[in-house]
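Each chain, letter by letter, is given below.
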Amino acid sequence: MTHTTTTPAATVTPGAPATGDRHAVVVGMHRSGTSAVAHTLAELGLLLPQTSDIIGAGPTNERGHWEARALVKFDEWVLHHLGGSWSAPPDPDPGWEASADPDTAALRRQASQLAAVTLARAPVVLKDPRLSLTLPLWRAVLDHQPCAVLVLRDPVDVARSLERRDGFPISLGLAVWDRYVRQATQVVAGLPVFVLPYAAALEEPDRWVEALADFLDACSIRVPPARRHRAAAVLSPDLRHHRADTRPDTSLAPRHRELLRLLEPLAGPHERWVPPALPEEPVWVADLIRLAWLGQCAEAGRRLAEDELTWIGRSRVFQAVTAFWRATRTGPALSPVPRR
Amino acid sequence: MTGTGYVAVLGMHRSGTSATAGMLLALGLAGPAAHDLVPASESNERGHFESRSLAEMNAGVLETVGAAGYAPPGPDDPWPTSPAAQAMVPEAAAAWDRAFPRRPAMWKDPRLCCTLPFWRTVLPPPRGAVLVVRDPAEVARSLNRRDGVAVLLALAMWDRYLRCAVRAVDGLPTLLLGYDALLADPARWAGVLGDFLTSLGLPVPADGPARAAGTLDAQLRHERSTLDGYEAPVAEEREVLDALRPLAGRRTPRWEAPTLPGPGPWVADMLDQRRELERLRHELFWVRKSRVYKTSSMLWRLTGSGRPAPEAEAAHP
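Taken in sequence, the protein lines are chains G and X. Count along the first sequence from 1, then add 11; that gives the number in my numbering. Count along the second sequence from 1, then add 64; that gives the number in my numbering.
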């Protein structure tokens, strides 16, 4: 069987695919190298989700995102359900995915249906940074528990990258990093996990890809030997655009880096992941994320109201009534809608 | 007491500006017109001594230039001389005259930290200024308790208000007061305040300092300076406070803004986010308030001619 491309932007070298019964999930914060790692796993022979909408390259991710749009949209919907978004990640109670409330039950059904279509053939590489929060829901519906690759990158590097791409304030980028990484260490509890420090992997791609392939083997995902060398070529140092030493630090960064320092020694394979004991989330993380979420809610409300106005203006009833008012001069004065 | 002009009382919210205002009234300055006073509240049982109309004017001026009390512009922002702000000058001058029928007046409003530069284009310069500072952790906790403001945002506001205030009083006779010290020794600081007014050429009644000291008691200090988890940002802000401490109690005939340690990047991050939130809420308010929206929504509901609720779109990062 030939492992084929899905879009021109997400091209995988043709060849024999990997085999196995379980999927591999890639978790970690946005802008942490999860796309490059997903690409590497695809080069190692793992399949992409069976869908035509793999998100391709863009100006901010020149080699593709390696995500299925349908799964990303669903994960974002799950985050909304939990009271957040990708950029204002929620902090759900443990066990939320098993809740009997009708909304969560509906999400489980939808996840199950999506999995039946897009993850029918194993082994698939399932990548979406949101999985750092939503994985419990997927684990509840998958037939086989996946293995996981947890990608780590310096929080200041990540915050800088988000600042450049999305105009994120640095402090918010650090806070979001913190929450994703903490959650990621929890959602993979009990799974075979490979902790991959992104910066180190870019320095020594051969060594890390070899270790990753060995990990997959240990997880009963057999990688064709010929693919190992090719996969290492994906991880090149030019992928690392934002280095932590290029800017003066914010005073909040040291607390976030403490978390990285605790996790980095865990780099490499773990047969069965036990979440490490971590210090409490810095208290300002919730302050920053809540403010971001309020802003997003206000933005959504404004868009919705303006959207409603557009649709109302197009309605024939409205046009007829206002025409009547104008002709008869019987209607109210219609003030203009302030615009930005 | 007779005379003209006013003494401005500046300081971040929850910093003791009301207590200081009460002392200045006891020392003989006139407050706002009685009908215009912000009434006492649970969070300020002895009264705010603040003009409601001018507080609203200050909020309005900030709103006009796209800012808010929760997200004030930086001290270098030239907004006070912008056309939008200057268009409000006649209205502001008239409002001030109405608010202070008796003078010399005591004008206290924490927003003055940000808006005094604007008022200096509206009115003759104040006779003097009293700048009150309080520990950032105590202020942040108090604001968090009273208004639910996120602690990090409250700390950022403390930073911005203080930086704006030390620039706003540039060139004015200024007295800096520490709220802690004020409460620890009211008699001494009432004397210092009285001497300050005298140095401005304002007569102080003989029993003024004693009456001023009697307006304070240590119960006023509700919040103690612990703020678990926020040690890093609080330490940064306390460095700013430490830079100001040596100036406390010293009468400065012509204030020059001291050099303060630079703000942490998180200060602007928090305030910019909050400002964006204010902008969005403001837009949403006006869209919903517009007659087009109200009328058409009514028609839509009556006729069912609208469209179904839009599908939520997940934005891809």
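Hint data in this document are derived by calculation from the structure and do not stem from the laboratory. Some clues are possibly wrong.
Stated by the list, open to error - One side of the interface only, derived from the structure: several residues of chain G facing chain X at Cβ under 8 Å: (1) A109; (2) V285; (3) W295.
Unchecked claim - Here's a subset of chain G near chain X, in silico, CB distances under 10 Å, partners left out: (4) I181; (5) S262; (6) P276; (7) L277; (8) A278; (9) E282.
We put the beta carbon where it would ideally sit given N, CA and C, even for glycine.
The hints, checked one at a time:
The closest approach between the C-beta of G:A109 and any C-beta of chain X is roughly 24 Å, which is over the 8 Å cut-off, so the hint fails. The restraint placing G:V285 at the interface with chain X is violated, with a minimum CB-CB distance near 26 Å, outside the 8 Å limit. Restraint check, G:W295 versus chain X: the minimum CB separation of about 4 Å is within 8 Å; hint holds. For G:I181, the interface hint holds, since its Cβ comes within 10 Å of a Cβ in chain X; the closest pair sits about 6 Å apart.
For G:S262, the shortest C-beta to C-beta distance to chain X is roughly 5 Å, which falls under 10 Å, so the interface hint holds. With a least beta-carbon distance of about 24 Å to chain X, the hint placing G:P276 at the interface is violated under the 10 Å criterion. The restraint placing G:L277 at the interface with chain X is violated, with a minimum CB-CB distance near 25 Å, outside the 10 Å limit. Nearest Cβ of chain X to the Cβ of G:A278: about 25 Å, over the 10 Å cut. The hint is violated.
Taken as an interface hint, G:E282 does not check out: its beta carbon lies about 32 Å from the nearest beta carbon of chain X, beyond 10 Å.
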